[in-house]
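Colleague: One letter stands for each residue in the lines below.
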Amino acid sequence: MRYEIRVDGEMSDELATAFPELKTSVVPTQTVLYGPVDDEAHLYGLLVRFQSLGLRVAEFRRIPD
Amino acid sequence: MSYRSGSHEGSDGRGGRVVPVGVTPDGDPVLAARLTVPTVPETFVRRERLVEQLAEGAGRPLTLVNGPAGAGKTLLVADRVAACEPGTVAWLTVESQDSAPGVFWSYVLHALRHHGIAVPEYIRGPARPGEVDHSLLARLAAWLNGRDSRVILVLDEFDRVAGSTAVADELQFVLRHAGDGLRLVIISRTEPLLPLHRYRAAGELVDIRADDLAFRAEETAALVDLHGLPLSAEAARTLTERTEGWAAGLRLCALAAQRAADPESFLNDFEAGHSTVADFLLGEVLRAHPAETQDLLLRTSILEKTHPDLANALTGRDDAEPVLETLQRTNAFVEPLGHSWYRLHSLFAEILRVHLRVRHPGLEPELHRTAAEWLSRAGLLDEALRHAADAGDWELAAAELVGHLAIGRLLTGLAAERLDGLFAQMAPEASGPAPDLVRAARELAHHDVDRGVTYLRRAEENLPERGTDDAAAVRLSCAVLRVLAARVVGSADLAETAARDAADAEQDLPADRLERSPELTALMLTDLGSAQLWAGRFDAARATLSAAVEAAQGLPTAFPRHEALGRLALIDYLHGRPGQAEAHARDAVAEAERSGLPVSYRTGMAQLVLAAVAVDRYDLTAAEEHLDLAAATSAAARDPLVAVELAILRSRMLVARGDSRAALPALDDMTRQPLVSAEPSPWVSDRIAMATAAAHLADGDPKAAVKVFEEQPLHSPESRAAEARARLAAGDGERALRILDGLPEPHDQGPAVDVWLLLTRAQVVEATTGDSPAAEGLLLRALAAARPHQLRRPFLEAGPWLGRLLRRRPALAREHTWLTGALAPRPAPAPRREEPARPLTEPLSARELDVLERLAQLMSTEEIAADLHLSVNTVKTHLKSIYRKLAASRRGEAVRRARELGLL
Chain A
1 MRYEIRVDGE
11 MSDELATAFP
21 ELKTSVVPTQ
31 TVLYGPVDDE
41 AHLYGLLVRF
51 QSLGLRVAEF
61 RRIPD
Chain B
1001 MSYRSGSHEG
1011 SDGRGGRVVP
1021 VGVTPDGDPV
1031 LAARLTVPTV
1041 PETFVRRERL
1051 VEQLAEGAGR
1061 PLTLVNGPAG
1071 AGKTLLVADR
1081 VAACEPGTVA
1091 WLTVESQDSA
1101 PGVFWSYVLH
1111 ALRHHGIAVP
1121 EYIRGPARPG
1131 EVDHSLLARL
1141 AAWLNGRDSR
1151 VILVLDEFDR
1161 VAGSTAVADE
1171 LQFVLRHAGD
1181 GLRLVIISRT
1191 EPLLPLHRYR
1201 AAGELVDIRA
1211 DDLAFRAEET
1221 AALVDLHGLP
1231 LSAEAARTLT
1241 ERTEGWAAGL
1251 RLCALAAQRA
1261 ADPESFLNDF
1271 EAGHSTVADF
1281 LLGEVLRAHP
1291 AETQDLLLRT
1301 SILEKTHPDL
1311 ANALTGRDDA
1321 EPVLETLQRT
1331 NAFVEPLGHS
1341 WYRLHSLFAE
1351 ILRVHLRVRH
1361 PGLEPELHRT
1371 AAEWLSRAGL
1381 LDEALRHAAD
1391 AGDWELAAAE
1401 LVGHLAIGRL
1411 LTGLAAERLD
1421 GLFAQMAPEA
1431 SGPAPDLVRA
1441 ARELAHHDVD
1451 RGVTYLRRAE
1461 ENLPERGTDD
1471 AAAVRLSCAV
1481 LRVLAARVVG
1491 SADLAETAAR
1501 DAADAEQDLP
1511 ADRLERSPEL
1521 TALMLTDLGS
1531 AQLWAGRFDA
1541 ARATLSAAVE
1551 AAQGLPTAFP
1561 RHEALGRLAL
1571 IDYLHGRPGQ
1581 AEAHARDAVA
1591 EAERSGLPVS
1601 YRTGMAQLVL
1611 AAVAVDRYDL
1621 TAAEEHLDLA
1631 AATSAAARDP
1641 LVAVELAILR
1651 SRMLVARGDS
1661 RAALPALDDM
1671 TRQPLVSAEP
1681 SPWVSDRIAM
1691 ATAAAHLADG
1701 DPKAAVKVFE
1711 EQPLHSPESR
1721 AAEARARLAA
1731 GDGERALRIL
1741 DGLPEPHDQG
1751 PAVDVWLLLT
1761 RAQVVEATTG
1771 DSPAAEGLLL
1781 RALAAARPHQ
1791 LRRPFLEAGP
1801 WLGRLLRRRP
1811 ALAREHTWLT
1821 GALAPRPAPA
1831 PRREEPARPL
1841 TEPLSARELD
1851 VLERLAQLMS
1861 TEEIAADLHL
1871 SVNTVKTHLK
1881 SIYRKLAASR
1891 RGEAVRRARE
1901 LGLL
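Those sequence lines, one after another, are chains A and B. Residue 1 is where the first sequence starts when you use my numbering, and the numbers rise one by one after that. Residue 1001 is where the second sequence starts when you use my numbering, and the numbers rise one by one after that.
One chain only, chain A, in its complex shape (with noise of 0.2 Å):
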């Protein structure tokens, strides 16, 4: 599964490592993170992994492989 998540905001690249398994481009207001997502697990682990980051999640979709 492939997955694109985009956060409001412009993340710092240091921010960015929390989330190494995942791509990350920064585009006006927005980040966007994308890659390969295990499982449900590692889904709702990325999401809890946002929340507790103080950043806020605009969009969460799966990508074509």
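Hints listed in this document are in silico derivations from the structure and should not be mistaken for laboratory results. Think of the CB as a built atom: it goes at the ideal place given N, C-alpha and C, for glycine as much as any other residue. Any given hint might turn out to be false.
Here are a few chain B residues that face chain A, going by a calculated C-beta distance under 8 Å [unchecked claim]:
1) A1248
2) H1274
3) A1278
4) F1280
5) I1351
Beyond 12 Å from chain B on every Cβ pair, some chain A residues (computed) [to be verified]:
6) Y3
7) D13
8) Y34
9) V37
10) H42
11) L43
12) L53
13) P64
Take the given structure of chain A and dock chain B to it, following the hints.
Modeller: Using the frame of chain A, we list chain B on its own:
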């Protein structure tokens, strides 16, 4: 914040044992921090609209404060709690380990008591981490419901146990049944698994959500103003938009602006920027602090709570105290917990950890290791283990567990499952005696003896030389596990050798260290006594088990004490002392009740002994109840003694009910089944043989009974008497008499054995010599011995000769009405036992059980419907289905059947 700890010491005043309430069941002294209401900083903005919402919550059972990290949930509630009367609000900050229901409820009880709510002792507490006795929750709810004043229970950070349906269900149950006595406030990042829609529909829920928590522009202005930065209405509006009213963002923003050279342009720049709010602002605030402060914050971000000394250990400096004090004074990041402990806001800690990894790659495990060592020295084992595990240093973690003499906590007590889970991650490379001891304990706890013994051997080969405390701790832990392994294989010799090694190692340890781990000694003694009992060393077993019972009281030793008492009861029973057996068995049950051991975790031995005594009195209904309770325990399958006694008792019940033929197959199974133990017990097989012979005899087949004794010669007085009865029935009275004459004068026999011996002799004398006066004399003595304990079975199963004798002596019959009352309507041979409560073919649904429960409370259909928020018709449908499943046609019948089946 002061700790109100004075009110919860002392006993329950009813002669019960005192559980020290000041310490958690698994001895976590940092607990106080979790029960403390967080302090509200001076810069907190009280927002009336939210205060009103919370006030509204006081009238409803449930208040939910839901929002993302840093939304200001905790402070909102903490501010209100500070305004409440002491003794009306309890606060608990939930942690992830609390998803084990037993742990969760033990902390809830702690929180209530800590906050001056005198939860009575009879409510007790859970004894197992993974499970909580439902009756405990019912008692708690009923007590809350019956109080004059209500309790507000605040559960902060509830999202940490969001995945536990058990905890949610149990909370729901307590909330429902506590009526007006309980108000629940749940603070959580995610919605709890409670049936919120139902509470909402019934108007029983106050919902405070992210939108409510978000700051409005005028509130933003007030907050920034408190930081000494006047803000125009327009600027406040823009800032609110930029942060979406997020409290943590606003607070950081104000702090960063305070320190900026030009606050106004800082705010303008921030508003115009697009960076992620928290990370950016945190970076800004950090930059404003001196390098030492930044370094301290980064390094202590790996801790949940920090202490100046611990922080110094992590930074390698000695300035933590002033730094932490300054941070607290300026309301940046840290919050005081009292007793010099501080907590970092979890959102900031998360972000700081990310920065730590970037700035100091590879430092994190080292910090965890240093923290583990410091915490271990401070006696905070639980926290130390967590950090040792995070450091990936399993040798350190295992050494800490063993060094604190805490290996027994893997086997018993509330921490068992958590520790087991922690060490399940242990790397296979971790080597040395301590990791091997931990592995052995885990395998033994999982009943894998072979693997447990393999690890134990490896640990033994690498035992450290005597000399230091730590070496003694390793040797003691190893010896205790060897006793357990010896018990499982049934070797009293090995157990006794290991116990001597344990005593030896104890000599090298300071007494106070041993006292902190009472469960270690209690476990060792119980296992040793069990091995001795299996081997037939009854006197030694009795002494050892009594010592186990005497070992320190309290929750950590509850299970070993329960088990030791049950085995003492068995020893009494085997020696024919029903009175003492019953007393010990009742103590064992009371111990389990008192410490909240769920039925499935109990040993079942006590219930078996109670059943055995009841059978001897011919109280078959009571015996059946005790047998069912014994069979419901997990030990029934694992403990060979329980399995054997269960089979013997079932056969006796069948004989007593006249179905002696059915009694044989189960006993046959027992003889063929190799018992779990490697070493056979000298007396256990005797008991199976005796029961088999008794079943043959009752079945009218004395030859088969005699054959049992010929194949397996037995030597105890009781079994010799049984053989004499079989010989007599088979027509060999002379042989019977010789057997009895060959018996030594009974000594140290309890009345139950005496009765059998006297009665058998009377029967044999009467049959062989026709000497009625001599037989009558013996019978009189048997009656006198049996009377105090109402032992009816020997007489009822003695055969027709007894009836003849009693008919000749009507005075005797009149004098012993306790017996003759039962003797007169002698049950016809082979009557079918009355229809037993048939088990349900289809279980009741949770909803049907809800309805049934209310049915038992004599509620009408309409009342049930109202109480459960259901329509009357739905309730009627449930009722029909309940009647069908219980095969009942009326309410009363359904309730009675449900009670018989233990559903109510």
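Colleague: Is the claim that A:D13 lies outside the interface with chain B correct, judged by CB distances over 12 Å?
Modeller: violated, 8 Å
Colleague: Please check whether B:A1248 passes as an interface residue: C-beta within 8 Å of a C-beta belonging to chain A.
Modeller: holds, 6 Å
Colleague: Is the nearest CB of chain B more than 12 Å from the CB of A:V37?
Modeller: holds, 19 Å
Colleague: Mind verifying the non-interface call on A:Y3? Its CB should be farther than 12 Å from each CB in chain B.
Modeller: holds, 19 Å
Colleague: Hold the hint about B:F1280 up to the distance rule: shortest CB distance to chain A must be less than 8 Å.
Modeller: This interface hint holds because 7 Å falls under the 8 Å limit.
Colleague: For A:H42, which was marked as not at the interface, is the minimum beta-carbon distance to chain B over 12 Å?
Modeller: Since the minimum Cβ distance to chain B is about 15 Å, A:H42 lies beyond 12 Å and the statement holds.
Colleague: Non-interface claim for A:P64: all C-beta distances to chain B beyond 12 Å?
Modeller: holds, 28 Å
Colleague: Against chain A, run the beta carbon of B:H1274 and see if the smallest gap drops under 8 Å.
Modeller: holds, 5 Å
Colleague: For A:L43, which was marked as not at the interface, is the minimum beta-carbon distance to chain B over 12 Å?
Modeller: Check passes; 14 Å lies beyond 12 Å.
Colleague: Quick one: work out the minimum CB distance from A:L53 to chain B and report holds if it exceeds 12 Å, violated otherwise.
Modeller: violated, 5 Å
Colleague: Would the hint on B:I1351 be counted as holding, given a Cβ-Cβ threshold of 8 Å to chain A?
Modeller: Interface hint status for B:I1351: holds (6 Å vs cutoff 8 Å).
Colleague: Is the claim that A:Y34 lies outside the interface with chain B correct, judged by CB distances over 12 Å?
Modeller: A:Y34 is indeed farther than 12 Å from all Cβ atoms of chain B, at 17 Å.
Violated hints, listed in ascending order, are 7, 12; each of the other numbered hints is respected by the structure.
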